[in-house]
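In order, the protein sequences belong to chains A and B.
The letter at position 147 of the first sequence is residue 147 when you use our numbering, and the numbering goes up by one with no holes.
The letter at position 43 of the second sequence is residue 43 when you use our numbering, and the numbering goes up by one with no holes.
I should point out that these hints are in silico values taken from the structure, not numbers from a laboratory.
The reader is advised that the hints may include incorrect statements.
In silico EDC-like pairs for lysine to aspartate or glutamate, Cα to Cα no more than 16 Å straight-line [to be verified]:
#1 B/K30 / B/D196
#2 A/K109 / A/E95
#3 A/K2 / B/D250
#4 B/K326 / B/D367
#5 A/K55 / B/E198
#6 B/K30 / B/E198
Letter by letter, the chains look like this.
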Amino acid sequence: MKYEVRFSGTGGQGIIRCAVLLAEAALYDGYHAAQSQVYGPESRGGSSQGEVVIKDSAIYYPKVVCPDVLLCLSQEAYNKYAADIVPGGILIVDEHFVQRTGIEAESVKVYELPIVVTAQDRLQNEMSANVVALGAIVGLTEIVSDEAIERALANNFKAKVLPGNLEAYRVGVELARAAK
Amino acid sequence: MSEKMTNSCKGTANVQLMQGNEACAMGAIKAGASFFGGYPITPSTEIAEYIAREFPKLGRYFMQMEDEIASIGAMIGASMVGHKAFTATSGPGFSLMQELIGYAAVAEVPLVIINVMRFGPSTGLPTMPQSGDIMQARWGTHGDHSIIALSPSSVTEAYYMTIDAFNLAEKYRTPVVLLMDEKVGHLREGFDISNDPEPEIFDRVSAHEGKYVPFANTESGVPPFVALGQGERYHFTGLTHNEAGFYTSDAGKVSEFMQRICGKIEDHVDEIAQFELDAMDDAEIVIMAYGAVARSAHETVESLRNAGHKVGLLRLKTIWPFHTDKVRELCAGKKLVAMPEMNMGQLAVMAKAALGDMPFLPINQVDGRLIKPETIEKAILDKLAEMGGDR
């Protein structure tokens with residue numbers, strides 16, 4: 001088993017943190033996981049990409065080749081990466097920020113979700129959009145367990161902001177289930 | 001050979017997701033590092049951040065200097081008074097440190113310089129990888145000298161190799177460079193050392209018989225080191241010096257000094273240079289690699305083996321001193337030796353010298369990306385076809 005996930009968007013959206021959380025959860029579920037990223041010299045703005053390889057045996061080449069799942073939170077990210085998705089793979093885009101142009105393979109399952117708006121309106125915290133997106137990915141793929149994600153969230157966020165992030169994760173999972 | 005050195009570590013009860021840079025910082029703490037002098041630079045910054053957070057809690061010293069020249073100066077001073085001193089930097093900072101690396105080599109001051117290599121030259125691509133400082137680590141400072149440089153391939157190895165770097169610096173009284181690819185420094189993967197044996201930690205030897213001779217021509221080539229302030233008053237200098245540490249231009253003394261400071265490392269290459277061999281026993285084709293590229297090469301070996309080619313991996317864990325004789329011996333009689341590198345062929349120069357007339361294929365990529373396993377595979381298959389071999 002080998003599963004590749006790529007998260008893409010704009011610097012500052014928490015894209016890399018999102019990848020870290022998934023990789024950590026995969027480890028807690030007993031898999032091998034490797035997480036890497038590509039970003040520009042600037043810490044905000046500019047394109048940002050985080051990726052995770054999950055495997056049931058040792059990972060040597062640690063990079064994603066063709067993602068099974070791609071998340072795009074910006075148009076630039078979609079334009080750059082959507083064509084790489086494996087046939088039959090999953091594309092998740094933020095419906096308010098990405099206009100699809102059909103560069104993904106026809107067999108790709110597409111989910112256009114209101115990720116950022118949900119974080120803004122329902123959670124009153126735009127910064128939790130990355131965790132909403134993570135919830136959507138796990139809700140659609142069930143690649144890792146909820147328990148593992150909760151453990152990863154607890155390990156990554158201070159007690160004060162943890163409840164908000166657990167809620168963001170649950171909301172993301174719901175978004176995915178509703179769209180399934 | 002320990003399997004986990006090149007690859008990810010799987011989920012276990014005590015597993016943590018760890019970044020290469022963080023593992024490096026943890027290794028430094030484990031090795032007993034007590035002074036960090038540095039200037040943060042991408043892609044090594046996480047090391048300075050980790051140390052800045054942890055060192056004060058441990059009563060150790062973190063000092064951010066105004067630039068990398070001052071950083072290495074501070075490290076040298078700290079090491080002279082007995083600290084295990086280190087820094088974390090990248091190409092542009094490593095360039096600024098070169099002059100004092102020479103000073104540390106000649107004054108025989110133990111130092112560890114972690115160079116998380118980024119794409120160069122100059123400011124280059126700060127967040128992207130290139131194994132571009134291989135030759136700079138060897139010859140970046142002027143004059144004949146020797147140096148030790150290591151290159152880890154995984155997060156776990158970044159931890160253990162950092163400990164090795166400190167041990168070697170202390171043992172040989174020399175600057176040691178950890179040449180870590182950005183792709184390893186920024187990689188996060190499983191890390192669990194809870195069941196590993198306790199690593200050996202080596203501290204510089206200060207014991208001596210009779211009067212202390214600070215730069216004594218000992219049998220091993222490494223004089224004992226009594227830290228300044230511990231009762232012995234002596235002189236450090238970058239000038240070529242006699243055993244007492246004072247300038248000399250006496251031809252015999254100068255020659256003896258040069259032989260000693262180079263020989264103390266080069267003559268111990270068997271002890272220092274480490275390799276990892278994988279599937280080499282029946283291999284007809286060898287892929288020689290180091291750092292992050294060795295991970296790609298490992299997949300190429302698996303893929304070509306599945307296609308019926310007898311391929312093995314020779315991974316260089318130690319870059320300098322380059323063990324010419326051992327490389328020649330391991331590659332003797334092979335049909336082809338391929339060497340993928342994320343540069344224009346820096347260590348290939350050494351490999352070529354070791355291999356002589358043996359068929360050699362350097363595979364070089366300088367585009368800010370880690371070389372893919374398929375790229376290595378295709379280059380090898382094309383070469384085999386060109387050589388008239390089977391496909």
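Each hint, compared with the structure:
{"no.": "1", "hint": "B/K30 / B/D196", "in the structure": "14 Å, holds"}
{"no.": "2", "hint": "A/K109 / A/E95", "in the structure": "15 Å, holds"}
{"no.": "3", "hint": "A/K2 / B/D250", "in the structure": "66 Å, violated"}
{"no.": "4", "hint": "B/K326 / B/D367", "in the structure": "31 Å, violated"}
{"no.": "5", "hint": "A/K55 / B/E198", "in the structure": "29 Å, violated"}
{"no.": "6", "hint": "B/K30 / B/E198", "in the structure": "10 Å, holds"}
The structure fails to meet hints 3, 4 and 5 from the earlier list, while all remaining hints are met.
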